[in-house]
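Take a look at the letters that make up each chain.
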Amino acid sequence: MSDINKGDSILEIRGLAVEVQGKRILEGLDLTVRAGEVHAIMGPNGAGKSTLSQVLAGRPDYDVKAGTVRYLGEDLLALAAEERARRGLFLGFQYPVEIPGVNNVYLLKAALNARRRQLGQPEVDAFEFLGLVRDKMRLMQMDESFLSRGVNEGFSGGEKKRNEILQMTVLEPILAILDETDSGLDIDALKVVAHGVNSLKRDDRAIVLVTHYQRLLDHIVPDHVHVLAGGRILKSGDASLALELERRGYDWVRAEAAAA
Amino acid sequence: MSANPQATSPLAPLAAAQAGLPGGAAWGAWRADALERLMAVGLPTPRDDAWKYTNLRLLARRDLLPAAPRPLATGALDDLPAIAGPRLVFVDGRFHAALSAAELPDGCTFRSFAARFAAEAPAALGASLAGDARLADERLRTLNASLAADGPSLELAPGARPAEPIHLVHVATGGGAYPRTRVELGAGATLELVESHLSAGGAEAFVAAAGDFRLGRDATLTHSSLQLAGARTILLDDAAVTVAAGARYEHRLVALGGQLTRLDLRIALEGPGARAVLAGVFFPDGTREQHLRTLIEHHARETSSDQRYRGVASGRGRGSYDGKVVVHPGAFKTDSRQSSRNLLIGREAAIESRPQLEINADDVKCSHGATTGTLDEQMMFYLLARGLDRDTARALLTYAFVGDVLRRLSPEPLRRAAEARVLGRLPAAELLREFVP
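These protein sequence lines map, in sequence, to chains A and B.
Letter by letter, the first sequence follows residues 1 to 260 in our numbering.
Letter by letter, the second sequence follows residues 1001 to 1437 in our numbering.
Quick caveat, the hints were computed from the structure, so don't treat them as lab data.
Check each hint, because a few of them may be wrong.
As the list claims (entries may be wrong) - Within a straight-line C-alpha distance of at most 20 Å, the following computed EDC-like cross-link-like pairs (lysine to aspartate or glutamate) qualify: (1) B/Lys1365 <-> B/Glu1302; (2) A/Lys235 <-> A/Glu246; (3) A/Lys160 <-> B/Glu1377; (4) A/Lys235 <-> A/Glu27; (5) A/Lys160 <-> B/Asp1376; (6) A/Lys160 <-> A/Glu128.
Please construct the entire structure, taking both the sequences and the accompanying hints into account.
Spelled out as structure tokens, the structure:
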């Protein structure tokens, strides 16, 4: 896919401070993500998890007040949202938007072709594309009716999340940020989603799971787990940290950080 | 009521134009009387509530005199959707036989109003013909009556169901035009009717059209108005519709042209179970103005009305939806829905939306909703986050905004023509074309 090798730096966040509607949400956040890694960012409600996801994807109304973000060596914050997407950054939305009248499958084709143009690859034609998307839909256990519906129109919560992962598997991003992809899923849907994510694990790709609960991590095992609270990463560890958080909650991490 | 006849009224020269109109002395007197009643009250002004959104300054400066008929350039009708079936063409309000393909189906009778004026007395054509000039919203109907020379009069026998749509085409070549339309459906008859308004030649034109549409018991009329008038044409179209028991009137408005266009739809649901289903899009761009006014009166029990309008204004375009539903006493179990959603692109565009409801009966179900705003930021961000460029994302959301109404258009060639024209107004049309099934 690319000349990215396992261990190469994909994302480097240093001292990131972000305000949303005048309120400081992130405050001096540092994070490094390398190719081949799966990261989980966990934290209590209101910690800034979704803000981090959205700001990395380029949401225009979020105000970056300080810090730097480098993506594949480039200044990510200087790029518009659509340029980030074309360079292989994918955000799986916590609340995927319903867009009635915009056909789901054509959006996906337009998105894929935007990415391919960026890579200097020829655009896929309708026939080739349908073959590709049908395979991925089988993987996500989605029936063909999803092809002709409006983007997320009338989808259940679980269907919307599947659709996000379907888009991800088609777009084959370099960095996938999945914002609360597990919320609102029953156990069967969770397994399907996890299977889709696992199918994308590769040495030249990184995945960042943003989640409130540990249960997704039973199915997608992270290499690194971070606790985000009060706008910063307070603690990092391996997969065992997620289990400890599940058992002990977040307060002890805050206490530890305050004492340090 | 505002009575404001001015010495410089554009109406003053019109009396002279009545002389050449078809019909005998009785019609001459009838028309003179209509014009007199109109001059007593004057043209509508912005103080008339029914006209508050329409830019009447344009009207005051327009030459309303019917122009001498001029030849139509070849290709003048090329913009029309290729709708199969009979086509009746009227140039500046007068029937044009050579351009028409008037092979009408069994059970359908066409007469030109010129012939009816010549053969019938004013009383025989009914009181609704002249409108009531004292009412601001019927004043243009009175103007039309004063000067109408011709127009289509169609009658469908009871039970008639033509397989193909009938296409009424109005072409304005300049000056004033006053086409008069009447469509009457006998009991159980079904008709698909398309009315297209075009301009030819680029001259300033003023069209005040008026139509009467009468649906007998259990009849169905699907009536589409395609406004493709040119950039120097003012088009004011007034349709009065009566719907008998069990009958269904469907109207589709596609407003894509004109300097100033306005459609007044006044619908009386007269018998139990009568239905009106209205939908439409208007698309004022540049300096265009497009207005829509509907009045639906529920007179009988178990009647229903459904209105779904979408407006998209860009540039310095202006538009309005002014819709009123009246539920009269005794019209219990009325079901009425009104939805007006409008999208503004750019800071100078404006759309007024005024859904109104007047309920004088118990046990009715009525809802109305109106929104006017800019493109949804969350939808935009979602599309950008998938790598679409801004122009495409904007165009896609704009198209989607009107797409659900466009998809309801029929017949197929009309739908395709409307879709193609809307797409043609948007950037990234080629990519968008893929999204249109």
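Hints, one by one, checked against the model:
no.: 1; hint: B/Lys1365 <-> B/Glu1302; in the structure: holds, 10 Å
no.: 2; hint: A/Lys235 <-> A/Glu246; in the structure: holds, 15 Å
no.: 3; hint: A/Lys160 <-> B/Glu1377; in the structure: holds, 19 Å
no.: 4; hint: A/Lys235 <-> A/Glu27; in the structure: holds, 15 Å
no.: 5; hint: A/Lys160 <-> B/Asp1376; in the structure: holds, 19 Å
no.: 6; hint: A/Lys160 <-> A/Glu128; in the structure: violated, 24 Å
Taken one by one, the earlier hints fail for this structure only at number 6.
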